[in-house]
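With the hints as extra help, turn the sequences into a complete structure.
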Amino acid sequence: MESSLSYESGHDLNLKATELRLGLPGTADEAPEKQFFPTKRTSSEMINSALDSDNADRETCAPPAKAQVVGWPPVQSYRKNCFQPKKAEPDSSGNFVKVSMDGAPYLRKIDLKVYNSYSDLLKALETMFKCTIGVYSEGEGYNGSDHAPTYEDKDGDWMLVGDVPWEMFVNSCKRMRIMKGSDAKGLGCL
Amino acid sequence: MDPKRMRKLGELLDSSESTPLSPFPDEVLEAVLSLVKSHKDRSSVSLVCKDWYNAERYTRSHVFIGNCYSVSPDIVGWRFPRIRSVTLKGKPRFSDFNLVPENWGADVHHWLVVFSRVYPFLEELRLKRMTVTDESLELLANSFPNFKALSLLSCDGFSTNGLAAIASHCKNLTELDIQENGMEDKGGGWLSCFPEDFKSLEVLNFASLHSNRLLLRAPQLTELGTGNFQQELTMHQFADLQFAFSKCKNLQSLSGLWEALFLYLPAIYPACGSLTFLNLSCATLESDELAMLLSYCPNLRRLWVLDTVKDKGLEGVGSTCPLLEELRVFPEDPQDLDINHGVTESGLISVSRGCRKLIYVLYFCRKMTNAAVATVVQNCPDFTHFRLCIMNPGQPDYLTNEPFDEAFGAVVKTCSKLQRLSVSGLLTDLTFEYIGKYAKNLEILSVAFAGSSDWGMECVLGGCPKLRKLEIRDCPFGNVALLSGLEKYESMRSLWMSACNVTLNGCKLLATKMPRLNVEKGCSSFCSHIVKMNICWFHIRHRKPLKDVGFGCDSNN
Numbered sequence: 001m002e003s004s005l006s007y008e009s010g011h012d013l014n015l016k017a018t019e020l021r022l023g024l025p026g027t028a029d030e031a032p033e034k035q036f037f038p039t040k041r042t043s044s045e046m047i048n049s050a051l052d053s054d055n056a057d058r059e060t061c062a063p064p065a066k067a068q069v070v071g072w073p074p075v076q077s078y079r080k081n082c083f084q085p086k087k088a089e090p091d092s093s094g095n096f097v098k099v100s101m102d103g104a105p106y107l108r109k110i111d112l113k114v115y116n117s118y119s120d121l122l123k124a125l126e127t128m129f130k131c132t133i134g135v136y137s138e139g140e141g142y143n144g145s146d147h148a149p150t151y152e153d154k155d156g157d158w159m160l161v162g163d164v165p166w167e168m169f170v171n172s173c174k175r176m177r178i179m180k181g182s183d184a185k186g187l188g189c190l
Numbered sequence: 001m002d003p004k005r006m007r008k009l010g011e012l013l014d015s016s017e018s019t020p021l022s023p024f025p026d027e028v029l030e031a032v033l034s035l036v037k038s039h040k041d042r043s044s045v046s047l048v049c050k051d052w053y054n055a056e057r058y059t060r061s062h063v064f065i066g067n068c069y070s071v072s073p074d075i076v077g078w079r080f081p082r083i084r085s086v087t088l089k090g091k092p093r094f095s096d097f098n099l100v101p102e103n104w105g106a107d108v109h110h111w112l113v114v115f116s117r118v119y120p121f122l123e124e125l126r127l128k129r130m131t132v133t134d135e136s137l138e139l140l141a142n143s144f145p146n147f148k149a150l151s152l153l154s155c156d157g158f159s160t161n162g163l164a165a166i167a168s169h170c171k172n173l174t175e176l177d178i179q180e181n182g183m184e185d186k187g188g189g190w191l192s193c194f195p196e197d198f199k200s201l202e203v204l205n206f207a208s209l210h211s212n213r214l215l216l217r218a219p220q221l222t223e224l225g226t227g228n229f230q231q232e233l234t235m236h237q238f239a240d241l242q243f244a245f246s247k248c249k250n251l252q253s254l255s256g257l258w259e260a261l262f263l264y265l266p267a268i269y270p271a272c273g274s275l276t277f278l279n280l281s282c283a284t285l286e287s288d289e290l291a292m293l294l295s296y297c298p299n300l301r302r303l304w305v306l307d308t309v310k311d312k313g314l315e316g317v318g319s320t321c322p323l324l325e326e327l328r329v330f331p332e333d334p335q336d337l338d339i340n341h342g343v344t345e346s347g348l349i350s351v352s353r354g355c356r357k358l359i360y361v362l363y364f365c366r367k368m369t370n371a372a373v374a375t376v377v378q379n380c381p382d383f384t385h386f387r388l389c390i391m392n393p394g395q396p397d398y399l400t401n402e403p404f405d406e407a408f409g410a411v412v413k414t415c416s417k418l419q420r421l422s423v424s425g426l427l428t429d430l431t432f433e434y435i436g437k438y439a440k441n442l443e444i445l446s447v448a449f450a451g452s453s454d455w456g457m458e459c460v461l462g463g464c465p466k467l468r469k470l471e472i473r474d475c476p477f478g479n480v481a482l483l484s485g486l487e488k489y490e491s492m493r494s495l496w497m498s499a500c501n502v503t504l505n506g507c508k509l510l511a512t513k514m515p516r517l518n519v520e521k522g523c524s525s526f527c528s529h530i531v532k533m534n535i536c537w538f539h540i541r542h543r544k545p546l547k548d549v550g551f552g553c554d555s556n557n
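Chains A and B, in that order, are what the protein sequence lines are.
In terms of our numbering, the first sequence opens at residue 1 and continues consecutively.
In terms of our numbering, the second sequence opens at residue 1 and continues consecutively.
Check before you lean on any hint, since a few could be wrong.
Unchecked claim - Ranges of calculated distance between the beta carbons of each label pair, as one might list FRET restraints:
no. : chain 1 : residue 1 : chain 2 : residue 2 : range
1   : A       : Lys-113   : B       : Ser-116   : 50 to 60 Å
2   : B       : Ser-346   : A       : Asp-111   : 27 to 37 Å
3   : A       : Lys-113   : B       : Asn-103   : 37 to 47 Å
4   : A       : Val-164   : B       : Pro-322   : 36 to 46 Å
5   : A       : Ser-117   : B       : Ser-346   : 33 to 43 Å
As the list claims (entries may be wrong) - Taking lysine-lysine pairs in the DSSO-like style, the calculated list, with each CA pair at most 30 Å apart, reads:
no. : chain 1 : residue 1 : chain 2 : residue 2
6   : B       : Lys-310   : A       : Lys-154
7   : A       : Lys-98    : B       : Lys-247
8   : A       : Lys-109   : B       : Lys-247
9   : B       : Lys-247   : A       : Lys-154
10  : A       : Lys-109   : B       : Lys-413
It should be emphasised that the hints constitute simulated quantities derived from the structure, not laboratory data.
Everything numeric in this text was worked out from a predicted model, so none of it was measured.
The beta-carbon is built from N, C-alpha and C at its ideal position, and this holds for glycine as well.
Below, the structure is given as structure tokens:
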């Protein structure tokens, strides 16, 4: 068995004329078996870099870079078309968020980019959910109405709608919940 | 016994020309053999003697072909004249992940042409990883008047036009299962090709389609997979939905792009009581949304979710699904590098604490520890399928920075019934020593970015007595390892190696030493990132492939 391994080194060129070539047309000059050595990391490289590096350094570890690893992670390609990706680019169309209201058996999905201001948004919500939300006041939230609109931001915190400037809200809102007025009293400007 | 009879009996037994004493008339033998269902048992039966071979041939109603290149349809048609149901598989599994070039082959058309001639009474066809064109679907729809069940899993090459043909012409359809396919969606019009009240339909799964119509006028439904709904329903449509679901008392399996349906959950609740399988793997649910839904599904055995539910969502699974046997957690964004997204080891631990009947797990995560895996298998020692994908290649235990050798060691030592294992993360040869030594029932092993040297693969090939399929990518295993398995390959079905250290000459040598193997090796660049993959792939015990096998050249055989 060992002697036959010498096939690899010396004999390749001699066999080229009769070599079974399985490559695509036009790749005649590349011996297939050479191709992955430049891109392969030795096992010790893999272990050392994994042990040393901080997670943030992953991308500088060694080729192939993350983005270039074909078929990894092993998720079937059809799944990528399944759903709308959550991370919307700034210029892309729409920022859809789910809106629920306490006591209502259904959710809605709205596109925040369609609205220009808080008052636009709140009016739309009142129509959609057939409720009154009232007017936001900085000191007291939504006093005087039955419902208070809240939202979950990128950090996972639940905030009162209106606490931050409109643009910041649109960019950080992940989903909304229209709470019963009494429940929302705990939130609100601090 | 009277001596005359004894002598006659003796003569019979001594007679050299008769087959071994077979006192059963053919009709009896055939009646008995009709009851044998397992194709492994049937293979054994066919080897007993010529009479049994023939009796088995005539009584087989379902044929399973694990590799469409292993035999020609003409031979199948000749040998088994009374087939009603066919299962046919084509491409290697890694074709799911774009590792197999397009036009590799596995086209079903020729099979259908032959079947339309030899099996006019065909009732069921199940295809996995085959290329299926609309033309083929039309041929299918028009050739078999008794056709009842079509299942297409991970196939490609067809569009909704082909499905329209099926819906229009297959009047006796009970099952239409189209999942995970690379299919062209030309709109939901095909659904309206079904008759208005489709009483015979029991299984309808088209979870991967984008369609704006919901077909629920089929009260016998036991399985339903819906298309995507982006638009909201009017109150009238909502009421329709509620009514339709209230009629589905037999629903056992529900899957689909649940986003929009979730908006109207109360309509679905009446149908959830009987659910045993819930596939939410295309719905970006949060943990509380999942919890709400699960509270209506007390009989759940199998659950597929996205990692948007996070560890908190999985805690909920652990506490509300005591009967759960299978859990699959898919990544919402596989390319996302942020280690704090998705699920972690603690989600898996929570599930293992609450779901003691868990036997199947597929878990995509960005963080894991050796201790966590050990705890999980302590809680659930009956795993038959353990597939862990730590998404960053070569990543170690994030607490100790060690390889995951001990994690997978714990899996194979504790889970004696393990049939399928996928490993990931930083692994040395020690992992494979453990696997070779302890995984006595392992049949399928998938390895990526792991191992230190040839020794790792040699350990697996030298152990694992029941190994059937081995898939390896991006590992430092070379010709020595490849050639160490010659004896092992006799009992295996297939081996895949890509981006390893195996060379063309190594494959040639393998093919020389094992002439019954069909060894393919290819190099191709099929994406713009130009990752050239060296692929060595073979099936065992197979004949020369048909001419349309890809890679553009002869294979050794």
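Going down the list of hints, with the structure as the test:
no. : hint                              : result
1   : A:Lys-113 / B:Ser-116: 50 to 60 Å : holds (54 Å)
2   : B:Ser-346 / A:Asp-111: 27 to 37 Å : holds (35 Å)
3   : A:Lys-113 / B:Asn-103: 37 to 47 Å : holds (42 Å)
4   : A:Val-164 / B:Pro-322: 36 to 46 Å : holds (43 Å)
5   : A:Ser-117 / B:Ser-346: 33 to 43 Å : holds (41 Å)
6   : B:Lys-310 / A:Lys-154             : holds (15 Å)
7   : A:Lys-98 / B:Lys-247              : holds (29 Å)
8   : A:Lys-109 / B:Lys-247             : holds (28 Å)
9   : B:Lys-247 / A:Lys-154             : violated (41 Å)
10  : A:Lys-109 / B:Lys-413             : violated (49 Å)
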